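A.B. asks: Just so you know, the sequences run in chain order B and L.
Under numbering that gives the first Met the number 0, the residue at position 245 of the first sequence is numbered 244, and the numbers go up by one with no gaps.
Under numbering that gives the first Met the number 0, the residue at position 248 of the second sequence is numbered 247, and the numbers go up by one with no gaps.
Rather than coming from a laboratory, the hints here were simulated on the basis of the structure.
A few of these clues could be false.
Claimed, not checked - DEER-style ranges, computed between Cβ atoms:
1) L:195 - B:76: 45 to 55 Å
2) L:4 - B:154: 29 to 39 Å
3) B:277 - L:2: 26 to 36 Å
Since we're looking at a predicted model, the values are computed, not measured.
Every residue, glycine too, gets a C-beta built ideally from N, C-alpha and C.
In case you want the letters, here they are:
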Amino acid sequence: MNDTAMTTNEKAPRRTRPFGAGGPLTYGIALVVVALTVGPVLYGAMGGFRSNEQLARDPAGLPDPWLLSNYEEGVLGNPDFWRYALNSTAIAVITTVVAVACGVMAAYPLARYQFRLREPLFMVFVLGLLFPAAVAIIPLFILVTRDLQIGNTWWGVALPQAAFWLPITVVILRPFLMAIPRELEEAALMDGASRVGIFWWLMLPLSMPGLVTVAVLAFVGSWNAYLLPLLLLQEDMRTLPLGVADYSTEHSADTAGVLAFTTIAMIPALVLFLTMQQRIVGGLRGAVKG
Amino acid sequence: MTPALALLGVFVVWPIASAVRMSFYRWKGFGPMDDFIGLRNYERVLGDDVFRDAVAHNVVIVVASIVVQLPLGLAIAMLLNRRIRLRGLLRTIVFVPYVMAEVIAGVIWFQLLQPRYGVVDGLISAVGLTPPEQGFLGTPELALPTLFVVLTWKYLGLAVLLFLAGLQGVPDELYEAAQLDGAGWWQTQLRVALPLLGPTIRTWLFLSMIGSLQQFDMVWVLTGGGPANATTTMATYLINQGTQRHNYGIAGAASVVLFLVSFVMALAYQLLILRRDTVTQE
Numbered sequence: 000m001n002d003t004a005m006t007t008n009e010k011a012p013r014r015t016r017p018f019g020a021g022g023p024l025t026y027g028i029a030l031v032v033v034a035l036t037v038g039p040v041l042y043g044a045m046g047g048f049r050s051n052e053q054l055a056r057d058p059a060g061l062p063d064p065w066l067l068s069n070y071e072e073g074v075l076g077n078p079d080f081w082r083y084a085l086n087s088t089a090i091a092v093i094t095t096v097v098a099v100a101c102g103v104m105a106a107y108p109l110a111r112y113q114f115r116l117r118e119p120l121f122m123v124f125v126l127g128l129l130f131p132a133a134v135a136i137i138p139l140f141i142l143v144t145r146d147l148q149i150g151n152t153w154w155g156v157a158l159p160q161a162a163f164w165l166p167i168t169v170v171i172l173r174p175f176l177m178a179i180p181r182e183l184e185e186a187a188l189m190d191g192a193s194r195v196g197i198f199w200w201l202m203l204p205l206s207m208p209g210l211v212t213v214a215v216l217a218f219v220g221s222w223n224a225y226l227l228p229l230l231l232l233q234e235d236m237r238t239l240p241l242g243v244a245d246y247s248t249e250h251s252a253d254t255a256g257v258l259a260f261t262t263i264a265m266i267p268a269l270v271l272f273l274t275m276q277q278r279i280v281g282g283l284r285g286a287v288k289g
Numbered sequence: 000m001t002p003a004l005a006l007l008g009v010f011v012v013w014p015i016a017s018a019v020r021m022s023f024y025r026w027k028g029f030g031p032m033d034d035f036i037g038l039r040n041y042e043r044v045l046g047d048d049v050f051r052d053a054v055a056h057n058v059v060i061v062v063a064s065i066v067v068q069l070p071l072g073l074a075i076a077m078l079l080n081r082r083i084r085l086r087g088l089l090r091t092i093v094f095v096p097y098v099m100a101e102v103i104a105g106v107i108w109f110q111l112l113q114p115r116y117g118v119v120d121g122l123i124s125a126v127g128l129t130p131p132e133q134g135f136l137g138t139p140e141l142a143l144p145t146l147f148v149v150l151t152w153k154y155l156g157l158a159v160l161l162f163l164a165g166l167q168g169v170p171d172e173l174y175e176a177a178q179l180d181g182a183g184w185w186q187t188q189l190r191v192a193l194p195l196l197g198p199t200i201r202t203w204l205f206l207s208m209i210g211s212l213q214q215f216d217m218v219w220v221l222t223g224g225g226p227a228n229a230t231t232t233m234a235t236y237l238i239n240q241g242t243q244r245h246n247y248g249i250a251g252a253a254s255v256v257l258f259l260v261s262f263v264m265a266l267a268y269q270l271l272i273l274r275r276d277t278v279t280q281e
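All chains should be built: construct the whole structure from the sequences, respecting the hints.
C.D. replies: And the structure:
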């Protein structure tokens, strides 16, 4: 009942407000969406400041008193945490560098050169989007651990991950490279630039928004990956998601400790993605429009 | 070009080819792969009720994602595209779950959904209802819907992100013209913005479909496929067969079926829907 009253009231002053500005209803819905979205995350972060006894007494309450011990001793003072963080970082960096470097080298000819196999080759990458890593996971496990003998290493996880990120990288980058005007390239050629020079000094800087987008996506994807690391990494080589999952089963009685560990583990990807958010939306837009 | 193709060949094409080969043998992971049994692994996989249920669960997730997340994502994107205060902050907040690792989101939700001591059960009791005895994840009939709710929480951000990007591509003049013609805000959204979002929606549909078919992480953390196989997906089935029971042939056959299902759906999608986009573009 209240809602209808609100919307009819809203009609009159709407003319004075800029078109598309939100009324109370908009803010109300936005508030509900925000609460549902961040609620679980806040619960995790807050839970880390509480004791297990507090959590058992009132699962949804606020910390009282606030405890730092879960974060200090359980996570930041825990050498395992830092080892997992190092592994996650190294694997994410290798994955990103390999995927973006190979991706841009493949996307460039597919975007700028005319050759007979161009479209079929591009289709190979588009089809690659359809190969879920899960399909190849068991042979991949055998290939990496037995044939290449790089199971339980950073490269053993990073290389297959980069390979599975290639299709999306190429698919996003190609429209960026295609959108760069021919005239620029011709002008550079007139000025005596070589093909490599054009690629390095013209194409790469101009496709930077696309490169940043695919790099952040690859990094966050690797940072968050679970299935492949689960099969390939053990003990000291585990990454943070594995660490979190194992910690939560090993210390299932220590809910507060699990929540603290979980909260810290999600921060890096969150910070990276959120600082890059504007650029990523722009980057995806370029790809969708292209 | 060459490094990319080499990487793709070694780590994508070759493993997939071996999965296909493996599916025709009875192989436990050691010794030579020489016990050729033709299509028997496929017979076993397709005759296995657990696998058939897994396929059904995947299909339920695909359909439910489209029916629930598409309208919800569109509505939230349109809302966030309005000129309201703190819009930037709101947009950022909506993406948070999407950026988190699925495992990390899973661990938090696992705690929230703990029977009796969890927050969700606490809230339900507080309004006077009785939460399910075995917890939401422990009751076979409730486990899959609960899983889907958590997945929606996790992935709605992607839909909103893409739709927002699409909405920003709609020129302001169109809105102004509609406004001059006397259209209200919702009418403008439905008649003007929505049709222009077509390509973006189709991109999302594709991503959502492929993601739903491959679902593994969240299931593995929340339920491990249980209770009583009520939440198994094709991916958890093949990992279970491959790494825990060492039935590599069966896992191979399940992989091939998973691939074929994804491939057929993607192909149908390409033919029915994406073709329109490329034709109009050229």
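A.B. asks: Work down the list of hints and note, for each, if the structure agrees.
C.D. replies: Quick rundown of the hints versus the structure:
| no. | hint | result |
| --- | --- | --- |
| 1 | L:195 - B:76: 45 to 55 Å | 54 Å, holds |
| 2 | L:4 - B:154: 29 to 39 Å | 19 Å, violated |
| 3 | B:277 - L:2: 26 to 36 Å | 31 Å, holds |
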